[in-house]
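A.B. asks: Here is what each chain is made of, one letter per residue.
Number of protein chains: 2
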Amino acid sequence: MLDETVEMGGSMSIRFFNARIMSMAEAGVIIEGEVWVQDNRILYVGEGKDAPAAPVWEREVDCKGNLLMPGFKNAHAHSGMTVFRSLCDDYNLQDWLTQEIFPREAQMTGEDCYLLTKLAILEYLTSGITAIGDMYLTPETIADACNEMGMRCVLVSGLNKFGPPLEVMEERYNKLNGKYDLVSYKMGVHAEYTCSKELLGAVSDLIHKYQAPLYVHMSETKAEVDECIERYGITPPALFESLRLFDFGGSIYHGVHITDEDMEILKKYGISVITNPASNAKLASGIAPVGEYLRRGIPVGIGTDGASSNNCLDMFREMFLVTALAKLKENDPAAVDAIKVLSMATVNGALSMELTDADILAEGKLADMIMIDLHQPNMQPINNIAKNLVYSGSKLNVKMTMINGKILYEDGRFAKETDAEAIYAEANKILERLR
Amino acid sequence: MLDETVEMGGSMSIRFFNARIMSMAEAGVIIEGEVWVQDNRILYVGEGKDAPAAPVWEREVDCKGNLLMPGFKNAHAHSGMTVFRSLCDDYNLQDWLTQEIFPREAQMTGEDCYLLTKLAILEYLTSGITAIGDMYLTPETIADACNEMGMRCVLVSGLNKFGPPLEVMEERYNKLNGKYDLVSYKMGVHAEYTCSKELLGAVSDLIHKYQAPLYVHMSETKAEVDECIERYGITPPALFESLRLFDFGGSIYHGVHITDEDMEILKKYGISVITNPASNAKLASGIAPVGEYLRRGIPVGIGTDGASSNNCLDMFREMFLVTALAKLKENDPAAVDAIKVLSMATVNGALSMELTDADILAEGKLADMIMIDLHQPNMQPINNIAKNLVYSGSKLNVKMTMINGKILYEDGRFAKETDAEAIYAEANKILERLR
Chain A
1 MLDETVEMGG SMSIRFFNAR IMSMAEAGVI IEGEVWVQDN RILYVGEGKD
51 APAAPVWERE VDCKGNLLMP GFKNAHAHSG MTVFRSLCDD YNLQDWLTQE
101 IFPREAQMTG EDCYLLTKLA ILEYLTSGIT AIGDMYLTPE TIADACNEMG
151 MRCVLVSGLN KFGPPLEVME ERYNKLNGKY DLVSYKMGVH AEYTCSKELL
201 GAVSDLIHKY QAPLYVHMSE TKAEVDECIE RYGITPPALF ESLRLFDFGG
251 SIYHGVHITD EDMEILKKYG ISVITNPASN AKLASGIAPV GEYLRRGIPV
301 GIGTDGASSN NCLDMFREMF LVTALAKLKE NDPAAVDAIK VLSMATVNGA
351 LSMELTDADI LAEGKLADMI MIDLHQPNMQ PINNIAKNLV YSGSKLNVKM
401 TMINGKILYE DGRFAKETDA EAIYAEANKI LERLR
Chain B
1 MLDETVEMGG SMSIRFFNAR IMSMAEAGVI IEGEVWVQDN RILYVGEGKD
51 APAAPVWERE VDCKGNLLMP GFKNAHAHSG MTVFRSLCDD YNLQDWLTQE
101 IFPREAQMTG EDCYLLTKLA ILEYLTSGIT AIGDMYLTPE TIADACNEMG
151 MRCVLVSGLN KFGPPLEVME ERYNKLNGKY DLVSYKMGVH AEYTCSKELL
201 GAVSDLIHKY QAPLYVHMSE TKAEVDECIE RYGITPPALF ESLRLFDFGG
251 SIYHGVHITD EDMEILKKYG ISVITNPASN AKLASGIAPV GEYLRRGIPV
301 GIGTDGASSN NCLDMFREMF LVTALAKLKE NDPAAVDAIK VLSMATVNGA
351 LSMELTDADI LAEGKLADMI MIDLHQPNMQ PINNIAKNLV YSGSKLNVKM
401 TMINGKILYE DGRFAKETDA EAIYAEANKI LERLR
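In order, the protein sequence lines correspond to chains A and B.
The opening position of the first sequence corresponds to residue 1 in my numbering, with each subsequent residue numbered one higher.
The opening position of the second sequence corresponds to residue 1 in my numbering, with each subsequent residue numbered one higher.
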């Protein structure tokens, strides 16, 4: 039950005791002890210490041996696509986008995007996701939804030749960065195949002006890569390098169809790859070479992508898919083991989104933390908790989700300010209009 | 909350109203209405009818628009392997079995198997699994565990040249069939590679004596198939056909590395294939050709395999993997769609286990039924529920699991006769001994 004193807007001091703690300072290492949270920061992580040093607790939580760990970072999402869940499945990416998605998106309003993002946030909370990298239509209303519901959000521009012009991206960059504590805004483009070379050149000028990293869908399908080579004679990463779009780092989303030379480019510029295994599988796009990225020291984070191509927004499913698909791809059952996957789902995602202030549980870090219920049959017996999380975990194991020091989900219930049924009703209304 | 009047042992008349119902009589079709259960059978499925025809209800459940459907059939499991969860991961199948599993299994007692099966049953209930096909060490104690906890179970012999002799299988066949309402026993062998040709010949005589179907792990890895060809000059299915082991039908488990000729054999004898996608992926064994089986009219069911190679016992994860891996394997996003997967997880599994009395929701059928919570964000908006289940569902959506007319799990709680913490404690004790 949610403690009646927990208000989403309230400033709190909370002591979590009798916990197992996987801080992710060193991946997979677990200690027994306490985590103290004051306002939006972590005050203490350790075996426990004397009361005199402690603040007055507004709440003390007996964790009963359950696990505290950093929340998952969903480093690539299109939250507003929840309305398309199970509406247009079983297409390949190109047909799905052009025939089913783009015509419907043309009818979506900023208000739709706001409400549909709220629906996605509910699901993120049930899956222990405490930050998202969100590329979708109206960043202003996505920011409002995240701010209202307490979700940490890195907005990413999806600039392309059909949508709002470059000037809007620059305006949003200046307006949305700093507007809300929980929200930042990054420059990005939708993809090579939805931008002209001129537009990409202008984006390059802009990121050089601001010395800003760039985010982009890249090398998701074989067709996309083939068409880029046909157009420019080089692969998408080589094109972006030639246009100096990688000069300040950033991330590519998907990175499924990648050459050795592409990998060298990514490595050279410190680009992260965000893998989206469920979406890539469901659209039959392929399996990203995650093991090879990691061997080369290219950081890989994890994203759910949107609810239309996935269709759920569940980091547990993504984590198992990362390791299972890597094992199949490399024909090696030891490929990309559980510890690596946990790092990808937490610290690597944070690195990609420049959220390194919220990556691990440590004194002074932002209090983005989840509690994993080990008193569920899928977590028993307690042998190797890190492996259990990746190989066996599910949403049912998320006992609590805290973002910025606030408990937004606990024991299957959302914070009382959150009316899930009202959000469902609005989403169904939008579905009726766009179906 | 569990209604205080619901006792596992009690005989009940329950009316479920205000429900969506997917009976699986026709896959994916959903009506709105009521399901009535009396004792262990379904009394009525339909839009509702007048009260006079109804019995006195001991409980009436307002389903609030949630979905009632047949429980999932986990058609291949080794429940007692829960102790090995996350104990020995990241091996290939042959090394994992011979170096890690077999030596530890040699130390397991019937009591261990009983307790560890109980742990698995807890997890099955959280995942809406209402029947299991279980091949493990001591069928007598597995039967006891299932009978006590109310799980429907088809025991399958795992006969091999290292374990109890053929006579024990025949004795168990006669003793365990009919001992408990919920439990039956099938003849089976562990695999070609753990049996001599003489033993397989003797098994053939026995199944002909009883006109019984046969169950077996088959063509799970490439190495297994290659070794069989080296030994006998033919593939495992061809060997089993030549020994007349398929004369009365049955099922093969896994069926990953299969030729066209193998498929013709399976089709000819009406053999089902039980696919175990998570286990096959985690052990890097490969992807079963599920789409091709279905095109040829070979029924495919789904199994979790054991907790050591999977590591969770979750039909939602298996269902998504079946479709996602098929799409990748066939490079076709339309491959093995959600409706087909739902049939596999319910009616095909029941067919494989000869549980056709518990396959769909219909008058007179056994009351093995689950309720899916649609008031969760991953099921919203309500567009296509069948697709939502397969592409987006999780254990968090299982609101109730009923087996044989008894509610064993509801709103996150087990029936009050079930002491989950005591089962966890026993499993941890066994782990300490076998680690």
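None of these hints come from the bench; they were simulated from the model.
Each hint should be verified, as a subset may be incorrect.
A pair holds if it fits inside one copy or across any two, identical chains being indistinguishable in the list.
Below, simulated DSBU-like cross-link-like pairs (lysine-lysine); rule was C-alpha separation at most 30 Å, straight line [said to hold, decoys possible]:
#, residue 1, residue 2
1, K267, K365
2, K222, K329
3, K268, K64
4, K429, K64
5, K197, K268
6, K64, K416
7, K209, K268
8, K179, K209
9, K49, K179
10, K365, K416
Predicted model, so just to flag it, every value in this text is computed and none were measured.
A.B. asks: Any hints this thing doesn't respect? Which numbers, in order?
C.D. replies: The structure breaks hints 3, 9; every other hint is satisfied.
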